[in-house]
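Top line first, the protein sequences correspond to chains A and B. In terms of my numbering, the first sequence is residues 1 to 418. In terms of my numbering, the second sequence is residues 1 to 116.
Read the hints as simulated data drawn from the structure, not as lab findings. Among the hints, erroneous ones may be present.
[Unchecked claim] One-sided excerpt, in silico: chain B residues whose CB lies under 7 Å from chain A: (1) M1; (2) G10; (3) D83; (4) D86; (5) L87.
[As the list claims (entries may be wrong)] For lysine-lysine, the following DSS-like pairs were computed, each having C-alpha atoms within a straight-line distance of at most 30 Å: (6) A:K157 <-> B:K2; (7) B:K34 <-> B:K2; (8) A:K70 <-> A:K157; (9) A:K70 <-> A:K163; (10) B:K2 <-> A:K165; (11) A:K163 <-> B:K2; (12) A:K165 <-> A:K70; (13) B:K31 <-> B:K2; (14) A:K165 <-> B:K34.
Where is the CB? At the ideal position from N, CA and C, for every residue including glycine.
For reference, the chains in residue letters:
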Amino acid sequence: MGDERAGASVEAVFREEHGRLLAALVRRFGDLDLAEEAASEAVEAALAHWPAHGVPPNPGAWLMTTARRKAVDRLRRDLTYTARLAELRVEAERAEPVPQAEEPGGLPDDRLRLFFTCAHPALAEPDRGALTLRCLAGLTTPEVARAYLVPVETMAKRITRAKRKIREARIPFRVPDAHELPERLPGVLQVLYSIFTEGYAASSGPRLQRLDLAEEAIRLATILHRLLPAEREVTGLLALLLLVHARRAARTGPDGLPVLLDRQDRGRWDRAMIEEGLALVPVALAGGPPGPYGVQAAIAALHDEAADVTTTDWPQIVALYDVLLARTPSPIVAMNRAVAIAMRDGPSAGLDLLDRLADDPRLRDHHPYLAARADLLARLGRAPEAADAYRLALDAAGTEPDRAHLRARLDAIREERP
Amino acid sequence: MKYMLLINAGAVDAEGGAAECTVEDWMAYDKEVKDAGVFVSGESLADLVTATAVRVAEDGGRTVTDGPFAETREVLGGFYVIDVPDLDVALDWAARCPGARGSGSIVVRPIADFGA
Numbered sequence: 001m002g003d004e005r006a007g008a009s010v011e012a013v014f015r016e017e018h019g020r021l022l023a024a025l026v027r028r029f030g031d032l033d034l035a036e037e038a039a040s041e042a043v044e045a046a047l048a049h050w051p052a053h054g055v056p057p058n059p060g061a062w063l064m065t066t067a068r069r070k071a072v073d074r075l076r077r078d079l080t081y082t083a084r085l086a087e088l089r090v091e092a093e094r095a096e097p098v099p100q101a102e103e104p105g106g107l108p109d110d111r112l113r114l115f116f117t118c119a120h121p122a123l124a125e126p127d128r129g130a131l132t133l134r135c136l137a138g139l140t141t142p143e144v145a146r147a148y149l150v151p152v153e154t155m156a157k158r159i160t161r162a163k164r165k166i167r168e169a170r171i172p173f174r175v176p177d178a179h180e181l182p183e184r185l186p187g188v189l190q191v192l193y194s195i196f197t198e199g200y201a202a203s204s205g206p207r208l209q210r211l212d213l214a215e216e217a218i219r220l221a222t223i224l225h226r227l228l229p230a231e232r233e234v235t236g237l238l239a240l241l242l243l244v245h246a247r248r249a250a251r252t253g254p255d256g257l258p259v260l261l262d263r264q265d266r267g268r269w270d271r272a273m274i275e276e277g278l279a280l281v282p283v284a285l286a287g288g289p290p291g292p293y294g295v296q297a298a299i300a301a302l303h304d305e306a307a308d309v310t311t312t313d314w315p316q317i318v319a320l321y322d323v324l325l326a327r328t329p330s331p332i333v334a335m336n337r338a339v340a341i342a343m344r345d346g347p348s349a350g351l352d353l354l355d356r357l358a359d360d361p362r363l364r365d366h367h368p369y370l371a372a373r374a375d376l377l378a379r380l381g382r383a384p385e386a387a388d389a390y391r392l393a394l395d396a397a398g399t400e401p402d403r404a405h406l407r408a409r410l411d412a413i414r415e416e417r418p
Numbered sequence: 001m002k003y004m005l006l007i008n009a010g011a012v013d014a015e016g017g018a019a020e021c022t023v024e025d026w027m028a029y030d031k032e033v034k035d036a037g038v039f040v041s042g043e044s045l046a047d048l049v050t051a052t053a054v055r056v057a058e059d060g061g062r063t064v065t066d067g068p069f070a071e072t073r074e075v076l077g078g079f080y081v082i083d084v085p086d087l088d089v090a091l092d093w094a095a096r097c098p099g100a101r102g103s104g105s106i107v108v109r110p111i112a113d114f115g116a
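Only chain B is shown next, with the shape it has when bound in the complex:
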């Protein structure tokens, strides 16, 4: 069963990284996920100031705006997709993720399966 771990950064430091953990923390976690054989995919996202939102109205008109919403408190900073037996195991991986510490949080979402 695949789960996406959505990594929400709470406070962000000057470099755009989560304030509560170091690059080494992230590298160690990344290695753990890959060594355990549960890694499916994962990316970290560039800084929020680079984000652009697109909306299409009923008449097909396109609106392009800078950023998502100004008042967004939690910023999606990246994600992992892992393949594990059940939610408890997914929650364990989420709890070990450096992004879960301090003001950050991880939202665990099962990946919809339209196959079988």
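Just chain A, with the same shape it has in the complex:
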């Protein structure tokens, strides 16, 4: 077996196994740093060993055994550290009096604990996504930094700060009890959703889409769905991400500019991914009042199923936005509902609703709001007002592709007016 092949496969194995390996080590030793150190030493050992001796039949188990041995070595070398960890164990057992040996009928995978720890509300919000990518998606710190377009040093500091808080404030590695789950699960979902949107519509910088982050978010949501198959909002989130990501190829034109839903070449949508998402939607909606991710997935599904904008089921989309607005009132949802009403009842009905939201501070500089208003004014033939509205949107837009797109709209309006 060639060196290169063994190198490539250890990388693939490690990426796939990293979260599982780390979670099991954290559970065993109660310390994230020790777990990370042991995991990376195990990979180094694999890189040295596998090219010469071949990839073992069960690479995950090999890594786990090696990592455990490395951790025990470290504990033997550093007795102060060992004493501290022993104290941690005592406290952990105090928190969980029954060791929950094999968790009968419970949660089969230690990664779930890590999801909840990484998304803990006591951590700074921007650090939660970074830590989740680092610990559960197996990204290196430089990879996470690149994904968020920040210097490696900045990202390293953020991850170190978060890990220090986990250790020193003693944020536990545990799955919340059933009665805590409704309060804690939305936080985990929010982390995955923000990783997805961060990758999907970069808030600043030259590139509109950062596919890697969106795909990492889907990978993480898939794992979480496997760990919590009965949680409908997890199902809803996964469905939503698949149904939106399925449109990725059509979302950007050959010139790199964003293409809005009404002009996308729907033949370029990823049918397999749409099917995968569609199958999850009824599961997410059934058996009780639907959650916000389930409803958003249903809206995305209606778009994905339609052949074009005119045959889209706008009345049902409006009805779903009504449900969403009642459950999670927000100006952004109200804005999207207004746009759907414009499609159902015509632009002036939509514009009325948008104008009623004009005083909301969260929308004042929100370029999609300003652009939606401009679009409706243009459709009503009110060109001078539309031009002013596009200029406002242009001032508020962060990414260059978004700005270029708005400039194109503005130019189109100018051409129509002699």
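Based on these hints, arrange chain B on the given structure of chain A.
Okay, now just chain B, sitting in the frame of chain A:
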């Protein structure tokens, strides 16, 4: 692991107590903390008008002023130190504290351990 719960009173009523809870609420909470065996220490502080700040300059000169800062919005009204296994448990105790309601808030700070 020990945590300090710093009780910040938001709005304060005429008697200097937090506006949103009663003396009975506090007594019930105090009893709960002690009955659960997590209580290490705790005090409530006298009214802010009685506070005095001391600063010492480089030359050793002492400045004594009335009160902390005039513009302080949240007023430290008291604290508990509790001994619990982890942050989640400490946050649960903080959430049950009457001082967390209304305009009040509890800041949870781990106690530094220079021992081991």
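Compare the distance between the alpha carbons of B:K34 and B:K2 with 30 Å, and conclude whether the hinted pair is satisfied.
-> holds, 15 Å
Would you settle whether the hint for B:D83 is holds or violated, based on the nearest Cβ-Cβ distance to chain A being less than 7 Å?
-> violated, 10 Å
Per-residue hint verdict: B:D86, partner chain A, C-beta under 7 Å | holds, 4 Å
Take a quick look at whether A:K163 and B:K2 sit within 30 Å of each other, Cα to Cα.
-> Distance of about 19 Å is within 30 Å: holds.
Decide if the proposed pair is consistent with the structure: B:K2 and A:K165, CA atoms, cutoff 30 Å inclusive.
-> Given that 30 Å is the threshold and the Cα spacing comes to 15 Å, the pair holds.
Pair hint outcome, A:K70 versus A:K163 [Cα-Cα no greater than 30 Å] | holds, 21 Å
Given the proposed pairing of A:K157 with B:K2, does the C-alpha separation stay at or below 30 Å?
-> Satisfied, since the Cα-Cα distance of roughly 26 Å is no more than 30 Å.
Should the interface hint for B:G10 be scored as holding, given a Cβ-Cβ cut-off of 7 Å against chain A?
-> violated, 21 Å
Would the pair A:K165 and B:K34 pass a check requiring their Cα atoms to be no farther apart than 30 Å?
-> holds, 28 Å
Pair hint outcome, A:K165 versus A:K70 [Cα-Cα no greater than 30 Å] = Measuring from Cα to Cα gives roughly 25 Å; hence the hint holds.
Taking 30 Å as the top limit, are the C-alpha atoms of B:K31 and B:K2 close enough?
-> holds, 19 Å
Proposed proximity, A:K157 with A:K70 (alpha carbon, max 30 Å) = holds, 26 Å
Comparing the model with each numbered hint stated earlier shows that hints 2 and 3 do not hold.
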